[in-house]
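Going down the list, the protein sequences come from chains A and B.
Going by the working numbering, the residue at position 148 of the first sequence is 148; the numbering climbs one at a time, nothing skipped.
Just add 232 to wherever you are in the second sequence, counting from 1, and you've got the working numbering.
Where hints are given, some of them may not hold.
Unchecked claim - List of simulated lysine to any residue pairs, SDA-like, C-alpha gap at most 25 Å:
1) B:311 with A:128
2) B:299 with A:227
3) A:128 with A:35
4) B:261 with B:412
5) A:94 with B:346
6) B:440 with A:35
7) B:311 with A:98
8) A:164 with B:433
9) A:94 with B:433
10) B:311 with B:433
11) A:229 with B:342
12) B:342 with A:128
13) B:303 with A:227
14) B:363 with A:35
15) B:246 with B:262
16) B:299 with A:228
17) A:164 with A:202
Quick caveat, the hints were computed from the structure, so don't treat them as lab data.
Please read these numbers as outputs of a predicted model, since none were measured by experiment.
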Amino acid sequence: MASEFIKIRRKMILFLVVLGPLGVIGLQAANFGLRYDWLTKVYKDNLWVGLIDNATMLAIPTLLIGLTILTSMIATIEHQTNAWKLTVALPVSKRTIYFSKVILSFLLLTLSCLLLFVGTIVLGITLKLGMDIPFLYLLKKSYFPFLAAMPLLSIQIWLSITIKNQAIPLTIGILGTILTLYGGSFPDWFPWKWPMLSNQWNEPLYFVVFGLITGIILTLLSMMDFNRKDVK
Amino acid sequence: MSEFIIETKKLTKKFGSTTVVNSIDLNVKKGEIFGFLGPNGAGKTTTIRMLLGLARPTSGSIRIFEKDIRKEKLAILRKIGSLVEYPSYYGHLTAYENLEAVRVLLNVPKSRIDEVLAIVRLTNDAKRPVKGFSLGMKQRLGIATALLGNPELLILDEPTNGLDPSGILEIRELIKSMPREHGITIVISSHLLSEIDQMATQVGIISKGDIIFQDSISKLREQANSTIEMTLDDPEGGWKMLLAKGYPVELLDDHLSFSLGTDPYVASIVRTLVQSGFSIYRVEEKKKSIEEIFMELTGKDGGLL
């Protein structure tokens with residue numbers, strides 16, 4: 001695991017992790033900065049919820065694209081010089097190698113979500129929305145989409161690692177993001193709908209639970225697949 | 233019971249319907265430099281991949297350090313250092329960081345990094361990103377990585393690929409010194425016979441997935457032993473006469489050929505012929521080079537050397 005952190009040094013990966021939430025916050029800052037009077041009128045009942053909902057709207061596609069690029073970059077590190085054969089020939093099981101890639105992606109994205117969480121608070125305070133911050137609501141809005149996107153994370157990691165040509169996972173990831181944006185018209189079982197968190201029961205938690213369970217199952221399946229395959 | 237470090241039994245690998253490695257039995261003893269020789273595409277790399285657990289055998293078994301690779305892969309890999317074909321590295325990291333990334337997984341002290349860098353003489357370039365390295369330097373870094381875990385067995389696949397003569401010489405000396413100094417067993421593959429000839433103590437020759445020769449290098453040289461060819465007025469008559477007297481002689485076109493024995497042995501054949509009234513025109517010693525033997529073993533389509 002520590003080895004994974006050494007490998008991502010001097011790549012743009014950490015920059016990306018920061019850029020995602022920063023971009024979302026930045027755009028919201030512009031949004032609220034320019035239309036402050038109008039937006040504060042629209043959301044006059046609950047200014048914080050207004051800001052958070054706006055930020056989430058942007059954060060979801062950013063998260064999905066970020067996830068796609070991130071997993072691809074992590075896999076590229078190994079693909080580039082075919083370092084898989086080096087890593088796999090070390091006394092570490094293939095399951096561990098795969099799992100550490102998953103954990104690495106998960107941690108980095110968790111960090112992104114944390115930055116989003118903190119960033120939104122900072123922005124809200126700067127916009128003088130008051131100190132009555134709905135922490136729980138914000139926390140849910142920052143992390144629920146990510147947790148509901150766990151199956152997508154599993155799929156992207158699996159694709160990036162098993163397919164050397166990164167154009168394929170990237171394309172699928174970006175298409176998936178677009179699908180998610182139009183998620184409303186899909187049936188509830190469709191994983192690409194889940195990050196939006198809206199379902200017929202009006203209970204976002206269902207999708208979070210589905211997402212986590214499916215994500216874990218898919219990760220285990222793909223880990224088995226990786227374990228079975230020969231290394232080129 | 234076995235003193236072998238590597239022992240494979242009926243090791244086979246198929247890709248689809250093509251058999252790349254066909255039921256090979258490799259035996260490598262401790263402290264040997266085992267040269268694994270074969271033309272391109274003969275199955276060397278595939279075999280090595282299987283030894284390292286990178287590829288799964290279709291059938292057959294591999295035992296390394298007397299352990300079954302399927303059951304105790306990690307314990308085995310712990311004691312192996314490897315370099316497979318082109319060196320793998322993380323180009324954006326420095327040589328030192330590359331080694332550090334592997335060191336963390338191997339759990340050896342940090343000081344070992346400086347040691348292996350010194351062995352391959354990269355100490356001065358340790359802080360440079362590897363993408364700026366020459367192929368020779370990358371190759372040496374690959375060897376450093378292989379040595380990092382104090383391996384008891386070193387598996388090198390074509391380690392001198394793409395190196396210039398001085399680089400080859402350097403690596404060769406390095407490899408030769410290792411069994412002596414550290415008691416490491418080495419498996420080294422190459423398609424260049426001269427390479428193996430200069431380093432190995434044991435040789436295995438693989439061609440089209442089959443092991444066609446496996447023994448010490450001196451045995452291979454023995455096969456390369458000279459023959460004596462003799463031209464005389466009546467080769468057929470001489471041949472029959474010599475055979476009747478119990479000398480194993482071959483009749484080739486217009487001359488006789490027999491494998492070189494002791495000097496008195498050769499003299500006795502000549503004497504027998506002369507005393508029986510044959511005129512001997514020429515007695516020549518034909519030396520078969522190790523290359524010719526190799527070509528004979530691997531067949532014509534080897535495309536080596």
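How the hints compare with the structure:
no. : hint             : in the structure
1   : B:311 with A:128 : 62 Å, violated
2   : B:299 with A:227 : 20 Å, holds
3   : A:128 with A:35  : 14 Å, holds
4   : B:261 with B:412 : 14 Å, holds
5   : A:94 with B:346  : 28 Å, violated
6   : B:440 with A:35  : 74 Å, violated
7   : B:311 with A:98  : 22 Å, holds
8   : A:164 with B:433 : 39 Å, violated
9   : A:94 with B:433  : 34 Å, violated
10  : B:311 with B:433 : 21 Å, holds
11  : A:229 with B:342 : 33 Å, violated
12  : B:342 with A:128 : 52 Å, violated
13  : B:303 with A:227 : 14 Å, holds
14  : B:363 with A:35  : 49 Å, violated
15  : B:246 with B:262 : 29 Å, violated
16  : B:299 with A:228 : 21 Å, holds
17  : A:164 with A:202 : 40 Å, violated
When the structure is compared with the earlier hints, violations turn up for hints 1, 5, 6, 8, 9, 11, 12, 14, 15 and 17 and for no others.
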